[in-house]
Amino acid sequence: MSALSDYRRREESITMSSEPVGMGETHELLTLNIGPHHPATHGVLRLIATLEGEVVRDIKPIIGYVHTGIEKTAEQKSYWKAIPVVERMDYLSYYFNAMAYCGAVETLLGIEVPPRAQYLRIIHLELNRIMSHLVWLGTSALDLGAMSMFWYCFRERETILDLFEMSSGQRMHTRYFQVGGVIEDIPAGFARNVQRFIDEMPSRADQYADLLEKNEILLSRLRDTCVLDEQTLLGWGVTGPLLRAAGNPWDLRKAAPYSSYDHFDFRIPVGTVGDNYDRFRVRHAELYESTKIIQQALNGLPEGPHIVEDRKVALPPRHELATSMESLIHHFKLVTEGFRVPEGECYYPIESPRGELGCFVRADGSAKPARVHMRDPSFVNLQATAPMVKDAYIADLIATLAMVDPVLGGVDR
Amino acid sequence: MPYDPGKDVVEVMRHPPRSAAASTYRIFGETLRGMKTTLARVVEGPLTIQYPEEKTPVYPRFRGRHKLHRFETGDPDNPGLEKCVGCSLCAAACPADCIRVVAAENTPEHRVSAGERYAAVYEINLSRCIFCGYCEVACPFDAITMGHDYEMSDYTRSDLIFTKEMLLAEPLERTPLRTAAE
Numbered sequence: 001m002s003a004l005s006d007y008r009r010r011e012e013s014i015t016m017s018s019e020p021v022g023m024g025e026t027h028e029l030l031t032l033n034i035g036p037h038h039p040a041t042h043g044v045l046r047l048i049a050t051l052e053g054e055v056v057r058d059i060k061p062i063i064g065y066v067h068t069g070i071e072k073t074a075e076q077k078s079y080w081k082a083i084p085v086v087e088r089m090d091y092l093s094y095y096f097n098a099m100a101y102c103g104a105v106e107t108l109l110g111i112e113v114p115p116r117a118q119y120l121r122i123i124h125l126e127l128n129r130i131m132s133h134l135v136w137l138g139t140s141a142l143d144l145g146a147m148s149m150f151w152y153c154f155r156e157r158e159t160i161l162d163l164f165e166m167s168s169g170q171r172m173h174t175r176y177f178q179v180g181g182v183i184e185d186i187p188a189g190f191a192r193n194v195q196r197f198i199d200e201m202p203s204r205a206d207q208y209a210d211l212l213e214k215n216e217i218l219l220s221r222l223r224d225t226c227v228l229d230e231q232t233l234l235g236w237g238v239t240g241p242l243l244r245a246a247g248n249p250w251d252l253r254k255a256a257p258y259s260s261y262d263h264f265d266f267r268i269p270v271g272t273v274g275d276n277y278d279r280f281r282v283r284h285a286e287l288y289e290s291t292k293i294i295q296q297a298l299n300g301l302p303e304g305p306h307i308v309e310d311r312k313v314a315l316p317p318r319h320e321l322a323t324s325m326e327s328l329i330h331h332f333k334l335v336t337e338g339f340r341v342p343e344g345e346c347y348y349p350i351e352s353p354r355g356e357l358g359c360f361v362r363a364d365g366s367a368k369p370a371r372v373h374m375r376d377p378s379f380v381n382l383q384a385t386a387p388m389v390k391d392a393y394i395a396d397l398i399a400t401l402a403m404v405d406p407v408l409g410g411v412d413r
Numbered sequence: 001m002p003y004d005p006g007k008d009v010v011e012v013m014r015h016p017p018r019s020a021a022a023s024t025y026r027i028f029g030e031t032l033r034g035m036k037t038t039l040a041r042v043v044e045g046p047l048t049i050q051y052p053e054e055k056t057p058v059y060p061r062f063r064g065r066h067k068l069h070r071f072e073t074g075d076p077d078n079p080g081l082e083k084c085v086g087c088s089l090c091a092a093a094c095p096a097d098c099i100r101v102v103a104a105e106n107t108p109e110h111r112v113s114a115g116e117r118y119a120a121v122y123e124i125n126l127s128r129c130i131f132c133g134y135c136e137v138a139c140p141f142d143a144i145t146m147g148h149d150y151e152m153s154d155y156t157r158s159d160l161i162f163t164k165e166m167l168l169a170e171p172l173e174r175t176p177l178r179t180a181a182e
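For the protein sequence lines, the chains are A and B, in the order given.
Numbering follows the working numbering, in which position 372 of the first sequence is assigned residue number 372; successive positions increment by one, without gaps.
Numbering follows the working numbering, in which position 19 of the second sequence is assigned residue number 19; successive positions increment by one, without gaps.
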């Protein structure tokens with residue numbers, strides 16, 4: 001008997017049924033600790049995996065290693081000072097965190113964001129979505145052994161971060177979005193640089209596809225592994241690309257358009273089966289759709305103010321500080337105390353790169369929020385990892401965790 | 001209202017069919033196609049920067065280490081008055097609470113700033129600073145701005161508490177700025 005067929009025989013002898021496994025001479029369960037410091041967990045996630053041979057019978061994610069108490073911290077800050085704080089939760093989608101928070105506060109205040117600000121927000125949100133997917137693609141491909149993908153993805157990510165630095169002054173955690181609009185208009189040359197990037201991006205995404213989509217190693221690792229059907233996913237509250245990979249076209253940008261998303265023509269990539277390959281293809285296809293949205297937003301960018309004119313909410317323009325006493329008083333009032341938000345509560349969901357990111361803000365009439373809560377998609381999606389990887393190989397556990405794309409800063413908050 | 005995206009939904013491609021022949025082809029053919037993709041990138045040239053020798057230029061809006069400003073006199077022996085009047089608005093705006101300002105009254109014999117008061121103590125704890133730039137936004141006199149320095153690591157935490165003298169001093173010209181054409 002050759003070595004290979006012996007391996008096959010042993011492989012086939014492993015029962016893949018989900019019945020409880022008896023403890024005996026032949027069956028022995030191994031509890032394996034993965035993480036929290038392990039590159040394949042994409043952050044400080046600890047997994048307690050129960051293995052039978054090579055097959056995962058159960059995993060238990062243990063979280064909380066990067067808990068920062070941001071929700072509580074935001075209660076101590078006035079509304080505008082909480083923006084840079086909440087941005088730091090999900091560190092790959094900071095524009096989305098700020099958008100969810102600002103959107104909730106704007107709804108409570110009942111203010112209408114100017115169209116130019118909405119379009120500028122969309123340009124930055126979609127650039128951020130591409131950036132987040134590139135980090136996901138690069139690190140996931142690295143887990144599966146494709147080293148050069150990591151460099152290629154981070155090369156394009158670098159271009160996006162440069163664009164963020166150009167418009168807002170910081171590469172990450174930009175606090176560009178403010179309640180009522182964006183803090184500054186885009187600088188001269190920004191539109192041209194974005195145009196150059198979105199002209200290049202589809203061909204780059206084609207190159208990623210050339211490298212990965214039919215690669216035999218990637219196919220064997222991803223196809224038909226860790227399938228979870230739509231109903232189970234819905235039962236776990238999973239949203240975003242994971243749900244869309246199972247065939248449910250739920251996308252809040254279409255289902256409940258916010259910030260002028262209904263002005264744009266884009267499509268929702270969905271999968272059919274819901275295996276890891278579909279998850280990979282859905283996110284990869286979203287790179288193209290985001291590029292299309294940015295192109296439309298850039299072409300149709302309306303003129304006008306970049307933040308609301310309401311002096312009770314938005315800071316007055318800087319040139320007025322030297323000439324107008326009233327503006328100076330507003331400026332002092334807004335910076336020291338901040339604006340007051342009428343009593344009420346609001347849940348504002350948006351479609352982040354990982355799914356439904358909702359921000360719940362409760363206002364008690366003062367200048368500080370009484371409660372800020374984020375429904376972070378990584379946290380909810382992480383729950384579905386255990387049913388996904390049950391009775392799969394441990395190698396598939398790593399691939400699945402990469403495809404779930406949890407960001408631990410968002411999970412722990 | 002039921003949600004029906006209709007024709008906006010596009011199904012992604014499924015994986016190629018499983019078969020021994022196709023699999024064997026892919027092991028060679030697709031691997032070679034992947035090699036073609038990577039080798040074609042060679043002509044694009046390297047993008048890496050030899051960091052300590054070469055430095056990435058920053059954009060004009062980049063928010064690096066803070067700077068305090070004086071009114072320009074052009075005379076190095078007689079530096080101008082400080083712009084900061086010790087109003088503590090930057091400290092009020094700071095989400096990380098890393099700015100400490102203690103104001104004192106200007107007297108005719110000892111005039112430090114252009115206003116009634118001046119900052120007797122002005123400290124920024126850079127180990128707490130999150131570089132959000134709200135201090136710059138808050139300052140009504142453009143006395144504090146975010147500079148372009150990004151190399152701020154040090155060996156002890158106490159060295160990262162920058163005093164007024166350190167913030168007023170001209171920073172070493174270390175960070176190149178991008179030109180408008182870039």
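One thing to keep in mind: the hints can contain errors.
Below, simulated DSS-like cross-link-like pairs (lysine-lysine); rule was C-alpha separation at most 30 Å, straight line [stated by the list, open to error]:
id : chain 1 : residue 1 : chain 2 : residue 2
1  : A       : K214      : B       : K164
2  : A       : K312      : B       : K83
3  : B       : K164      : B       : K67
4  : A       : K333      : B       : K83
5  : B       : K164      : B       : K7
6  : B       : K55       : B       : K67
7  : A       : K333      : B       : K67
8  : B       : K164      : A       : K333
9  : A       : K292      : B       : K36
10 : A       : K214      : A       : K390
11 : A       : K292      : B       : K164
12 : A       : K292      : A       : K312
13 : A       : K333      : A       : K60
14 : B       : K83       : B       : K7
15 : A       : K312      : A       : K72
16 : A       : K72       : A       : K333
17 : B       : K36       : A       : K214
18 : A       : K368      : A       : K333
19 : A       : K72       : A       : K60
20 : A       : K368      : A       : K72
21 : A       : K214      : A       : K333
Calculated directly from the structure, the hints in this document are not laboratory data.
Query raised in the report: Keeping to a limit of 30 Å between CA atoms, is the pair of K36(B) and K214(A) held or broken?
Result: Holds. K36(B) to K214(A) sits at ~14 Å (cutoff 30 Å).
Query raised in the report: K164(B) and K333(A): Cα distance at most 30 Å?
Result: Distance of about 26 Å is within 30 Å: holds.
Requested in this report: Would you check the hint for K292(A) and K164(B), treating anything up to 30 Å between C-alpha atoms as holding?
Outcome: violated, 49 Å
Query - Given hint K67(B) paired with K55(B) - CA-CA distance at most 30 Å - result: Holds: K55(B) and K67(B) sit about 21 Å apart, inside 30 Å.
Query raised in the report: Given the hint that K312(A) pairs with K83(B), does the C-alpha gap stay at or below 30 Å?
Result: holds, 27 Å
Query raised in the report: Is K164(B) close enough to K67(B), meaning Cα to Cα at most 30 Å?
Result: holds, 9 Å
Query - 30 Å Cα cutoff - pair K72(A), K333(A) - result: holds, 24 Å
Requested in this report: Quickly compare the C-alpha distance for K83(B) and K7(B) to 30 Å and report which way the hint goes.
Outcome: With Cα atoms ~61 Å apart, K83(B) and K7(B) exceed 30 Å; violated.
Query - Satisfaction of hint between K36(B) and K292(A), Cα-Cα up to 30 Å - result: Satisfied, since the Cα-Cα distance of roughly 27 Å is no more than 30 Å.
Query raised in the report: Do the alpha carbons of K72(A) and K60(A) lie within 30 Å of each other, as the hint requires?
Result: At roughly 27 Å apart (the allowed maximum being 30 Å), K60(A) and K72(A) satisfy the hint.
**Report entry** Restraint status (C-alpha distance of K368(A) to K333(A) at most 30 Å)
**Finding:** holds, 14 Å
Query raised in the report: Can the restraint linking K292(A) and K312(A) be considered satisfied, given a maximum Cα separation of 30 Å?
Result: violated, 36 Å
In summary, the numbered hints that this structure violates are 1, 5, 11, 12, 13, 14 and 21.
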